[in-house]
Amino acid sequence: MNNLTSYINNEIKPLKHTQTIANAQDLFLDIPYTHFPVTEEGIYMGCISKENAELLNSDALINDSRFNFDRFFVRENMIWLDVLEIFAKNDSNIIPVLDTKNTYLGYYELEDVIRFLHETPFLKEEGGIIVVEKEIDKFSMSQVAQIIESNNAKILGIFISNVVGNKVEITIKISQSGINDIIQTFRRYEYEIISEHQEDSYLNSLKERSEYLDKYLNI
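With my numbering applied, the sequence shown covers 30 to 248.
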């Protein structure tokens with residue numbers, strides 16, 4: 030699988046602070062970007078948004094609007110989950126990529142990062158997904174890994190998918206091996222199973238008992 034940095038794009042050069050707003054407006058007319066980076070002598074200044082560019086005087090310099098720039102970016106060594114988070118937080122389809130000295134290196138397009146995501150084992154490899162929940166102060170990632178691996182399964186992906194109050198929700202993708210045993214082990218360690226599974230013998234047993242009780246009460 031390619032490293033995410035292989036998706037850094039330089040097809041379109043950044044706008045320069047000395048260019049006019051008309052240059053930015055023309056760019057947004059040609060390409061469906063929500064934002065575009067602005068640089069000064071190779072150093073990133075921020076992003077001008079399409080929305081703001083449409084409202085500004087075409088003859089004005091881009092530099093005159095620098096205080097209205099959006100200043101989100103990612104570093105070249107950031108992992109894809111963090112990059113996706115920046116996309117989501119800024120409602121953008123493009124993100125500038127910088128080195129540690131804030132030198133502009135290029136940009137990521139959302140479509141490319143999604144394509145990269147589809148090539149990760151979390152989505153590409155066949156497996157099952159389990160979603161569990163536990164109190165934050167009683168949860169540990171090492172314990173989750175130990176539960177999976179002690180049942181002879183492999184972790185294909187794991188991340189914290191939600192936090193509500195004092196509880197954390199963990200989404201795990203595992204190889205298709207002994208899912209029911211894994212589910213029961215999580216329960217023994219007092220994890221709540223959020224996802225539904227046909228292989229869940231505990232729930233299947235409860236369902237059978239419930240159906241039996243319904244029949245008995247209807248006699």
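Hint data in this document are derived by calculation from the structure and do not stem from the laboratory.
Beta carbons are placed, not taken as given, at the ideal position from N, Cα and C, and that holds for glycine.
Errors might be hidden in some of the hints.
[Said to hold, decoys possible] Once the Cα atoms are required to be at most 27 Å apart in a straight line, the calculated BS3-like pairs of lysine-lysine come out as:
{"hint": "1", "residue 1": "Lys167", "residue 2": "Lys202"}
{"hint": "2", "residue 1": "Lys202", "residue 2": "Lys183"}
{"hint": "3", "residue 1": "Lys79", "residue 2": "Lys118"}
{"hint": "4", "residue 1": "Lys118", "residue 2": "Lys202"}
{"hint": "5", "residue 1": "Lys42", "residue 2": "Lys79"}
{"hint": "6", "residue 1": "Lys153", "residue 2": "Lys118"}
{"hint": "7", "residue 1": "Lys167", "residue 2": "Lys130"}
{"hint": "8", "residue 1": "Lys42", "residue 2": "Lys130"}
{"hint": "9", "residue 1": "Lys42", "residue 2": "Lys163"}
{"hint": "10", "residue 1": "Lys45", "residue 2": "Lys130"}
{"hint": "11", "residue 1": "Lys196", "residue 2": "Lys183"}
{"hint": "12", "residue 1": "Lys153", "residue 2": "Lys202"}
{"hint": "13", "residue 1": "Lys118", "residue 2": "Lys183"}
{"hint": "14", "residue 1": "Lys153", "residue 2": "Lys167"}
{"hint": "15", "residue 1": "Lys163", "residue 2": "Lys183"}
{"hint": "16", "residue 1": "Lys163", "residue 2": "Lys130"}
{"hint": "17", "residue 1": "Lys153", "residue 2": "Lys45"}
{"hint": "18", "residue 1": "Lys130", "residue 2": "Lys183"}
{"hint": "19", "residue 1": "Lys183", "residue 2": "Lys153"}
{"hint": "20", "residue 1": "Lys79", "residue 2": "Lys45"}
{"hint": "21", "residue 1": "Lys183", "residue 2": "Lys167"}
[Stated by the list, open to error] Now the in silico label distances, taken between C-beta atoms and shown as ranges:
{"hint": "22", "residue 1": "Ser169", "residue 2": "Asp55", "range": "50 to 56 Å"}
{"hint": "23", "residue 1": "Asn122", "residue 2": "Glu219", "range": "26 to 32 Å"}
{"hint": "24", "residue 1": "Leu58", "residue 2": "Asp128", "range": "18 to 24 Å"}
(message) Of the numbered hints stated earlier in the document, which are not met by this structure?
(response) 7, 9, 13, 14, 16, 17, 18, 23 and 24
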